[in-house]
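S.K.: Residue numbers (this note's numbering): -3 to 189.
I should point out that these hints are in silico values taken from the structure, not numbers from a laboratory. Mixed in with the good hints there might be a few duds.
Said to hold, decoys possible - List of simulated lysine to aspartate or glutamate pairs, EDC-like, C-alpha gap at most 20 Å:
1. Lys89 to Asp48
2. Lys151 to Asp103
3. Lys113 to Asp141
4. Lys58 to Asp1
5. Lys58 to Asp102
6. Lys33 to Asp102
7. Lys33 to Asp48
8. Lys65 to Asp9
9. Lys65 to Glu117
10. Lys58 to Asp148
11. Lys89 to Asp15
12. Lys113 to Glu140
13. Lys137 to Asp91
14. Lys45 to Glu107
15. Lys113 to Glu125
16. Lys158 to Glu107
17. Lys65 to Asp103
18. Lys113 to Glu34
19. Lys45 to Asp102
20. Lys113 to Asp103
21. Lys89 to Asp9
22. Lys89 to Glu34
23. Lys65 to Glu107
24. Lys89 to Asp31
25. Lys137 to Asp148
26. Lys151 to Asp48
27. Lys45 to Asp31
28. Lys45 to Glu117
29. Lys65 to Asp148
30. Lys137 to Glu117
Claimed, not checked - Just the calculated beta-carbon pair ranges, DEER-fashion:
31. Thr56 to Ile83: 29 to 39 Å
32. Ala30 to Gly63: 25 to 35 Å
33. Glu140 to Pro26: 12 to 22 Å
34. His79 to Lys151: 25 to 35 Å
35. Thr153 to Thr56: 18 to 28 Å
36. Asp1 to Leu36: 36 to 46 Å
37. Asp32 to Gln133: 26 to 36 Å
38. Ser111 to Tyr186: 18 to 28 Å
Note that the Cβ used here is the ideal one computed from N, Cα and C, for glycine as well.
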Amino acid sequence: MKERDIINVAISDTHCGSDRAVFPPSISLPPLMADDKERLLTYSFNQQKLYDHLLYCARTIKERFAGYKKVITHNGDAIEGIHHHTIQLSAPKVDDHVLIHQAVMDDFLYEIGFSVKNGDELRYVSGTETHTGYTEQGIIKHFEDFGATFHDELKLTQYGRKIWYVHQWAGAGNGQNEGNGLSNAIKALYFNS
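Please take these sequences and the hints and turn them into a complete structure.
M.R.: Listed below in structure tokens is the structure:
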């Protein structure tokens, strides 16, 4: 396969488990207590819009790049996790967040036409430990049949160019509301060091 037949698909910060993040139409989660029944959760209106848009993007990529090898990279914060006393959760346990993410990605991979036989690749880059702890590595176990790999940083060479994925870079901690991420990183590297 020629390098020009490769499409890179980057997904980042799905924060599955947050009530403000992508969520599958419905999911059955394990009981919270031994005598409880399974919990059936469904998405909210806003979560539905996010989910529908994600799958629309997957179908569009599948249609426009038919025959291309797909390199799909989830660049950190696959799950929301429990942090900062947040109440913005769709489900109360981190294990729930992992199951939610797996369901969302299963649907995404199906819609995009992901196929190991076609040489497609699935990569995960570690996210912010505040959100994820070390649970993102467990997500990879679910996607072993897809050949998924986990990286703290991912360096690829395609089209004769280097592609570097890392979730937190030189601007880590500045946050999206503190200005442009790239200019924050340049300031951190060259002016504030």
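S.K.: Now tell me, hint by hint, if it's right for this structure.
M.R.: Do the hints match the structure? See the list:
1. Between the alpha carbons of Lys89 and Asp48 the distance comes to roughly 24 Å, so the proposed pair goes past 20 Å and is violated.
2. For the proposed pair Lys151 and Asp103, the alpha carbon gap of about 26 Å is over 20 Å, so the pair is violated.
3. Only pairs whose Cα atoms come within 20 Å are accepted, and Lys113 paired with Asp141 is accepted, the gap being roughly 11 Å.
4. Between Lys58 and Asp1, the direct Cα distance comes to roughly 13 Å. Compliance with the 20 Å bound is thereby established for this hinted pair.
5. At most 20 Å may separate the alpha-carbon atoms for a hinted pair to count; Lys58 and Asp102 meet this at roughly 15 Å.
6. A hinted pair counts as satisfied when its Cα atoms are at most 20 Å apart, and Lys33 with Asp102 does not qualify at roughly 24 Å.
7. Our distance criterion of 20 Å between C-alpha atoms is broken by Lys33 and Asp48, whose separation comes to about 29 Å.
8. Between Lys65 and Asp9, the direct Cα distance comes to roughly 23 Å. Violation of the 20 Å bound is thereby established for this hinted pair.
9. A hinted pair counts as satisfied when its Cα atoms are at most 20 Å apart, and Lys65 with Glu117 qualifies at roughly 8 Å.
10. Proposed proximity of Lys58 and Asp148 is contradicted: the alpha carbons are some 28 Å apart, above 20 Å.
11. Our distance criterion of 20 Å between C-alpha atoms is met by Lys89 and Asp15, whose separation comes to about 13 Å.
12. Only pairs whose Cα atoms come within 20 Å are accepted, and Lys113 paired with Glu140 is accepted, the gap being roughly 14 Å.
13. Of the supplied pair hints, the one linking Lys137 and Asp91 holds, its CA atoms being roughly 13 Å apart against a limit of 20 Å.
14. Note on Lys45 and Glu107: the hinted pairing holds, with a Cα-Cα distance of about 16 Å set against a maximum of 20 Å.
15. This hinted pair does not check out: Lys113 and Glu125 have alpha carbons roughly 33 Å apart, beyond 20 Å.
16. Note on Lys158 and Glu107: the hinted pairing is violated, with a Cα-Cα distance of about 28 Å set against a maximum of 20 Å.
17. Between Lys65 and Asp103, the direct Cα distance comes to roughly 18 Å. Compliance with the 20 Å bound is thereby established for this hinted pair.
18. Between Lys113 and Glu34, the direct Cα distance comes to roughly 35 Å. Violation of the 20 Å bound is thereby established for this hinted pair.
19. For the hint pairing Lys45 with Asp102, the CA-to-CA distance comes to about 18 Å; that is within 20 Å, so the pair holds.
20. Taken as a hint, the Lys113 and Asp103 pair is honoured in the structure, with Cα atoms around 18 Å apart against an allowance of 20 Å.
21. Using a Cα cut-off of 20 Å, the hinted pair Lys89 and Asp9 holds, with the two alpha carbons roughly 18 Å apart.
22. Among the hinted pairs, Lys89 with Glu34 is consistent with the structure: their alpha-carbon atoms are about 14 Å apart, no more than 20 Å.
23. Note on Lys65 and Glu107: the hinted pairing holds, with a Cα-Cα distance of about 15 Å set against a maximum of 20 Å.
24. Annotation: proposed proximity of Lys89 to Asp31 holds, straight-line Cα distance about 17 Å (limit 20 Å).
25. A C-alpha spacing of about 16 Å is found between Lys137 and Asp148, which places the hinted pair at or below 20 Å, so the restraint holds.
26. The suggested pairing of Lys151 with Asp48 is violated, with an alpha-carbon distance near 30 Å, which exceeds 20 Å.
27. Distance check on the hinted pair: Lys45 and Asp31 sit about 34 Å apart at the alpha-carbon level, beyond 20 Å; violated.
28. In summary, the hint linking Lys45 to Glu117 is not supported, as the alpha carbons are separated by about 27 Å, beyond the 20 Å threshold.
29. The straight-line distance between the Cα atoms of Lys65 and Asp148 is roughly 23 Å, outside the 20 Å bound, and the hint therefore fails.
30. With a CA separation close to 15 Å, the supplied pair Lys137 and Glu117 stays within the 20 Å bound.
31. Distance hint check: the CB atoms of Thr56 and Ile83 are about 35 Å apart, consistent with the given range 29 to 39 Å.
32. Range check, Ala30 to Gly63: about 50 Å between beta-carbon atoms, so the 25 to 35 Å window is missed.
33. Hint check: Glu140 to Pro26, Cβ distance near 21 Å, so the stated range 12 to 22 Å holds.
34. Taking 25 to 35 Å as the suggested C-beta distance range, the pair His79 and Lys151 conforms, at roughly 29 Å.
35. With their beta carbons about 26 Å apart, Thr153 and Thr56 fall inside the hinted range of 18 to 28 Å.
36. Distance hint check for Asp1 and Leu36: the Cβ-Cβ separation is about 42 Å, which falls inside the suggested range of 36 to 46 Å.
37. Look at Asp32 against Gln133: about 28 Å separates their beta carbons, and that is inside 26 to 36 Å.
38. A beta carbon spacing of about 43 Å between Ser111 and Tyr186 contradicts the range 18 to 28 Å that was offered as a hint.
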